[in-house]
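Work the whole structure out from these sequences, hints included.
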Amino acid sequence: MKKQDVHRPGAVINQTNAPIVFKASLMTVMLLATAVFVALLISEVPPKIAAIAVLIAVLQIFAGGSLLSLFVYKSHLTWKEFCGLGLAIGSLLTFGFDQMFRNTVFSSFAWTIPILFFPLSIWKSRLKIDVTIARNDLITTEMLAISATVLLILSPEWFWPLPLALSLIAIVIWRELPKWRKHSAVIAACLIPISILSVLKRPIGWWIEDSDIALYEAISRTLGHWGFRDNINGAGTST
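Quick note: the sequence shown, position 221, residue 221 per the numbering used here, numbers continuous.
Please keep in mind that the hints were generated in silico from the structure rather than gathered at the bench. Fair warning: this is a prediction, and the values are worked out from it, not measured in the lab. Cβ coordinates follow ideal geometry from the N, Cα and C atoms, glycine included. One should not assume that every hint holds.
[What the hints assert, rightly or not] Ranges of calculated distance between the beta carbons of each label pair, as one might list FRET restraints:
{"hint": "1", "residue 1": "Leu70", "residue 2": "Leu197", "range": "47 to 53 angstroms"}
{"hint": "2", "residue 1": "Ala88", "residue 2": "Ala39", "range": "15 to 21 angstroms"}
{"hint": "3", "residue 1": "Pro156", "residue 2": "Leu116", "range": "41 to 47 angstroms"}
{"hint": "4", "residue 1": "Phe95", "residue 2": "Pro156", "range": "31 to 37 angstroms"}
{"hint": "5", "residue 1": "Ile146", "residue 2": "Ile49", "range": "22 to 28 angstroms"}
{"hint": "6", "residue 1": "Arg102", "residue 2": "Leu55", "range": "44 to 50 angstroms"}
{"hint": "7", "residue 1": "Ala88", "residue 2": "Met30", "range": "15 to 21 angstroms"}
{"hint": "8", "residue 1": "Val72", "residue 2": "Phe101", "range": "23 to 29 angstroms"}
[Claimed, not checked] Derived pair list, reagent style BS3-like, types lysine-lysine, alpha-carbon separation capped at 30 angstroms:
{"hint": "9", "residue 1": "Lys179", "residue 2": "Lys80"}
{"hint": "10", "residue 1": "Lys179", "residue 2": "Lys201"}
{"hint": "11", "residue 1": "Lys48", "residue 2": "Lys201"}
This is how it looks when you write it as structure tokens:
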């Protein structure tokens, strides 16, 4: 009994000092990168520039998330914490290092220095990359729900995100509510072709132009050509 009592505190100390390992799902980061890449393509960004932007964002996520894993003591980090805080911290780190070394010979690649936190955190056994696809169903559903919410926010301004948002909502219902699976599958099957057509027929420059730009242009031309007493939208009425 005395032997067990002697060794018990040591076991507690070893358990307390054991490093906490964070699992960063590689599949989650790839899904986020794919979603951002598709969003950039829909926003009429050239594919090469979109790929470079996504690569930089992924590097920033891993840099910030790795630094976070070195200093934060938690049992685990969710994918939202790792990716969200990782992107915020990583972007600040890359910007800071770029500014600190802008007048040196390292100025062209100084922004990549925070990436070194990634192998450092793995070497310190603080971070473990999870390459399995297990338990990613919930993550996929959450990302679909977030994407649908963003598209619904855009829907009052532009027509094309609404069918896409409704189709994503139908897919989420199909995944999460077995009772409504048949109905949601029929709705999704009807909305997916409409969503594809709406994306292909989206207005040019939709992301930099307000939906009321035609009205504003008409009012400005009215003031420029006829003054404030006439209205281009209605003959004989003042602006």
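Hints, verified against the model:
1. Under the hint 47 to 53 angstroms, the C-beta atoms of Leu70 and Leu197, about 48 angstroms apart, fit the expected range.
2. Between Ala88 and Ala39 the CB atoms are about 19 angstroms apart, so this pair conforms to the stated range of 15 to 21 angstroms.
3. For Pro156 and Leu116, the hinted distance range of 41 to 47 angstroms is satisfied, since their beta carbons lie about 45 angstroms from each other.
4. Judged by the Cβ atoms, the range 31 to 37 angstroms given for Phe95 and Pro156 holds: they are separated by roughly 33 angstroms.
5. Remark: the range hint 22 to 28 angstroms for Ile146 to Ile49 is upheld by a beta-carbon distance near 24 angstroms.
6. Take Arg102 and Leu55: their Cβ atoms lie about 22 angstroms apart, and the range 44 to 50 angstroms is violated.
7. Distance hint check: the CB atoms of Ala88 and Met30 are about 20 angstroms apart, consistent with the given range 15 to 21 angstroms.
8. The beta-carbon spacing between Val72 and Phe101, approximately 27 angstroms, falls within the hinted interval of 23 to 29 angstroms.
9. Proposed proximity of Lys179 and Lys80 is supported: the alpha carbons are some 29 angstroms apart, at most 30 angstroms.
10. Proposed proximity of Lys179 and Lys201 is contradicted: the alpha carbons are some 34 angstroms apart, above 30 angstroms.
11. Among the hinted pairs, Lys48 with Lys201 is consistent with the structure: their alpha-carbon atoms are about 23 angstroms apart, no more than 30 angstroms.
Of the hints listed earlier, those the structure fails to meet are numbers 6 and 10, in rising order.
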